[in-house]
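A.B. asks: Spelled out, the chains give:
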Amino acid sequence: MTRDEITAGLAEILEEVAGVNPDDVAEGKSFTDDLDVDSLSMVEVVVAAEEKFGVKIPDNEVQNLKTVGDAVSYIAAQS
Amino acid sequence: MARTDVVVTGLGATTPLGGDVASTWDAMLTGRSGVSALTQEWAGQLPVRIAAQLAVDPSEVLDRVRLRRLDRSEAIALIAAQQAWADAGLADSGLDPERLAVSVGSGIGGATTMLAQDDILEASGPRRVSPHTVPMLMPNGPAAWVGLEVGAKAGVHSVASACATGAEAIALGLDIIRAGRADVVVAGGTEAVIHPLPIAGFASMRAMSTRNDEPEKASRPWDKGRDGFVLGEGSGVVVLESAEHAAARGARVYARLAGAGITSDAYDIVQPHAEGEGAIRAIRRALADADLAGTDIAHVNAHATSTPVGDMLEIGALHKAVGDHVVLSATKSMTGHLLGAAGALESIATILAIRDGVVPPTINLDDPDDGLTLEVAAHKARHMEIPAALNNAFGFGGHNVALVFTRA
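Chains as they are written, first to last, in full-length UniProt numbering: chain A, 1 to 79; chain B, 1 to 408.
In case anyone wonders, no lab produced these hints; they're calculated from the structure. Errors might be hidden in some of the hints.
Stated by the list, open to error - From the structure, some residues in chain A lie toward chain B, with a derived Cβ separation under 10 Å: (1) Leu40; (2) Met42; (3) Val43.
Heads up, the beta-carbon is just placed ideally off N, CA and C, and yes, glycines get one too.
When you get a sec, could you build the whole thing from the sequences and use the hints?
C.D. replies: Next comes the structure, spelled out in structure tokens:
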């Protein structure tokens, strides 16, 4: 799966969970500062991403996923 | 020192009769029933297959993402509060948030969220349980969301006294303003538990009507054929304000909240006191608090849920505490029983009855019980002067609340 495909998958999740406009989702965007995803919604995003991409994202990794790009890199490395 | 006068300056509701106060009140005055058959698949197994469901689903008002994190009882409290807040004209009034409080309760709370998340837990495991579960099911959730919405910083309170909740929440708002802890209180009740478990529970108590073939005729307070209450869902919220604060900003005033009486039976967990002793004391306290006599009260919006015992006990209590002259209404004949929201919605009906000089009808009162010895506006609304009116609400646990409203 390419980075762009993972980004698009995350955009779908972010729209479903937090109402984020998919056009706003890009690798450089911060989940909290740019996309306004709060901590409870981030939990939902992580669980949905695990299911969608068939990966495990432990809780202690989530704090390192500040940007969409961080999440894409983590998912790409696991899958 | 003269006591603080408290007035009502905003109303909001979403009910089985309409998505707002105006449509609900119009439907009430025409005597329309909000009760219908439950067509959900789960209803088939139940002894009770009727309920008064919301006329306007929250999904038509709030966006999808917001609804994901709200229990239905929270969503409709928010909707009713938004209406009341806008109606009061407080949005850009410069009100100090530290002088604004919230008092919104629920009888049962986020039970449907708990049950739905338990289904997920059983089917998919703990990791799939929503991180929004706790704020959705906590009993203070509706009050907290309303507090966030209006920016209240003088305290957010969540009364829980079963079917007396909405009225007690309003009584608490009165206390808060009188005590000087706030100038404005957003107060009311909310309930949304049309789900097989609560219905099965109430049905096991034999508290609910099983008139499944005639939903619109099932809620029939004081009628000989009554066989229990009909579950309803909805929310009612009022804006209470010190009269001084309302006058200073030139607010439109619906009515004055002149007094409240709260008592407890200390008798039985679900049965009301056999002589209605607690109800009588609540009404007398409310009258004394309002500095009025029973003869001053023209109209009573009764608790009257359509149960065989409770309906008649209230008639006896009204005879003793108010007198023989009042004209009654049981608006639950149209809305069903909104449990924790009932006292709030019925306070709104009482306030509008005073404003418009009209007693809403009690439908389905075709064959009045022999014990019904007070006048009721049966079938049709009755126009009359209403300088002062009473709203009663009683709840499992022996809670009795009476509120007295007077013309502004």
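A.B. asks: Please go over all the hints and tell whether each is borne out by the structure.
C.D. replies: Here is how each hint holds up against the structure:
About 4 Å separates the beta-carbon of Leu40 of chain A from the nearest beta-carbon of chain B, less than 10 Å, and the hint is met. Because the beta carbon of Met42 of chain A sits about 9 Å from the nearest beta carbon in chain B, less than 10 Å, this interface hint is met. Hint on Val43 of chain A holds. Least Cβ distance to chain B is approximately 4 Å, under the 10 Å limit.
Of the numbered hints stated above, none is contradicted by the structure.
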